[in-house]
Amino acid sequence: MVNYIWVLMTIVGIVFAIFNGTIEEVNKAIFVGAKEAVTLCIGLISILVFWLGMMRIAEESGLLERLSKLFRPLVKLLFPEVPTNHPAMGYILSNMIANMFGLGNAATPLGIKAMEELKQLNGGKNSASRSMVTFLAINTASITIIPTTVIAIRMNYKSAAPTEIVVPTIIATILSAIGAVLIDRYFYYRRSRKG
Amino acid sequence: MEILSLISLMFIPVLIGFILLYGTFKQVPTYESFVEGGKEGIKIAVSIIPFLVGMLVAISVFRASGALDALMKWIRPAMESIGIPAEIVPLILIRPISGNAALGMTSDLIAVYGPDSFIGRLASVLQGSTDTTFYVLTVYFGAVGIKKMGDALKVGLLADLVGIVAAIVVVVFFFGA
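Going down the list, the sequences are from chains A and B. Each step along the first sequence adds one to the number in this note's numbering, with nothing skipped, and position 34 is 34. Each step along the second sequence adds one to the number in this note's numbering, with nothing skipped, and position 6 is 6.
In short, the hints are calculated from the structure, not lab data. Think of the CB as a built atom: it goes at the ideal place given N, C-alpha and C, for glycine as much as any other residue. A portion of the hints provided could be inaccurate.
Stated by the list, open to error - Think about it this way: if two alpha-carbon atoms lie no more than 27 Å apart in a straight line, the pair counts; the simulated BS3-like pairs of lysine-lysine are: (1) A/Lys76 <-> A/Lys28; (2) B/Lys43 <-> A/Lys35; (3) B/Lys148 <-> A/Lys76; (4) A/Lys125 <-> B/Lys73; (5) B/Lys148 <-> A/Lys125; (6) A/Lys76 <-> A/Lys194; (7) A/Lys35 <-> A/Lys125; (8) A/Lys125 <-> B/Lys43; (9) A/Lys28 <-> B/Lys154; (10) B/Lys154 <-> A/Lys76.
Said to hold, decoys possible - Here are the simulated distance ranges between beta carbons: (11) B/Val14 <-> A/Ser46: 18 to 28 Å; (12) A/Lys194 <-> B/Gly145: 18 to 28 Å; (13) B/Leu21 <-> A/Asn20: 51 to 61 Å; (14) A/Lys76 <-> B/Gly83: 30 to 40 Å; (15) B/Glu80 <-> A/Gly21: 21 to 31 Å; (16) B/Gly83 <-> A/Val32: 30 to 40 Å.
As the list claims (entries may be wrong) - Away from chain A, derived, C-beta distances all over 12 Å, residues of chain B: (17) Pro50; (18) Ile75; (19) Arg76; (20) Ala78; (21) Met79; (22) Glu80; (23) Ser81; (24) Gly83; (25) Ile84; (26) Pro85; (27) Ala86; (28) Glu87; (29) Val89.
Take these sequences, add in the hints, and give me the full structure.
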């Protein structure tokens, strides 16, 4: 599906530009987009190196395992296919916790590690397993407790109460997370019925 | 507010301190472990590059051509008819695609309509309650080499939709329309 969307966006863009006289902008956009992507990845290196380094310590000291023991019932419910003592549990949890505190930068490396472990659990296949789809669904619903960036923007524009959106955000985020899990379950059962 | 900003300020340093102390207490060779884990970070960052280049080029072509604007104009009446304010439509469309663009739009909406307006509040909550599905999908699956995504994209986008509806309902409930 991502293949089609990718081609569709590009082709529609090009065709639209031809008829719209924006082909010059599109020419520029190709190179700007590519450059932006590389810049983003280079920017990610520092954060990835730092957090994965830290997480290795947390893993070797058994901290991740203790953390996952604490929240095991919840994660077990969401990821029934992940064995109880598997390191994937720890990474999934730390990713969720990082997301909750609005630490998107810290969440990404942890999420990637979790994916790696889930892939191993799936026998190293290059197709997404059930747990991977669930993990992605939860991530895209983005469970946030402290939307730090938004608060900062609101303060910047002199809001009378910059943090008044915290509680609504938490409620909206919980609703969307529940929705994500339900949608994920629905698609899973539809898949398994088809066999 | 002060407590909240204090927590967000303290969180990372305290977490780092705790990990280091716990590691030392459990006699982990902290520095060596850190370096070993860090090496993996470089590998991952480099392996994501082709995925992001492909995705971002497509998105910027789509946007630069004016097709995105046209699409927004086209679906605007449908969105408004189900109670989604037109001003917020561009943000909703861009949110799953690009986090930076969405953040730009959120701050733009807050600047134009004011942080304490309905639009400003809705943009704030939306920014916090949904995520860049395409980015997460590209980076996470790209980094570990997943080529067949299964239902992941569908589920992610539907989850975004739920997030959007939830944000609107909650903001109306809390602050009135």
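Structure-based check of each hint:
| no. | hint | in the structure |
| --- | --- | --- |
| 1 | A/Lys76 <-> A/Lys28 | violated (48 Å) |
| 2 | B/Lys43 <-> A/Lys35 | holds (19 Å) |
| 3 | B/Lys148 <-> A/Lys76 | holds (25 Å) |
| 4 | A/Lys125 <-> B/Lys73 | violated (42 Å) |
| 5 | B/Lys148 <-> A/Lys125 | holds (9 Å) |
| 6 | A/Lys76 <-> A/Lys194 | holds (25 Å) |
| 7 | A/Lys35 <-> A/Lys125 | violated (31 Å) |
| 8 | A/Lys125 <-> B/Lys43 | holds (20 Å) |
| 9 | A/Lys28 <-> B/Lys154 | violated (31 Å) |
| 10 | B/Lys154 <-> A/Lys76 | holds (23 Å) |
| 11 | B/Val14 <-> A/Ser46: 18 to 28 Å | holds (21 Å) |
| 12 | A/Lys194 <-> B/Gly145: 18 to 28 Å | holds (26 Å) |
| 13 | B/Leu21 <-> A/Asn20: 51 to 61 Å | holds (60 Å) |
| 14 | A/Lys76 <-> B/Gly83: 30 to 40 Å | holds (38 Å) |
| 15 | B/Glu80 <-> A/Gly21: 21 to 31 Å | holds (29 Å) |
| 16 | B/Gly83 <-> A/Val32: 30 to 40 Å | holds (36 Å) |
| 17 | Pro50 | violated (9 Å) |
| 18 | Ile75 | holds (14 Å) |
| 19 | Arg76 | holds (17 Å) |
| 20 | Ala78 | holds (19 Å) |
| 21 | Met79 | holds (18 Å) |
| 22 | Glu80 | holds (21 Å) |
| 23 | Ser81 | holds (22 Å) |
| 24 | Gly83 | holds (15 Å) |
| 25 | Ile84 | holds (14 Å) |
| 26 | Pro85 | holds (16 Å) |
| 27 | Ala86 | holds (20 Å) |
| 28 | Glu87 | holds (16 Å) |
| 29 | Val89 | holds (18 Å) |
When held up to the earlier numbered hints, the structure conflicts with 1, 4, 7, 9 and 17 and fits the remainder.
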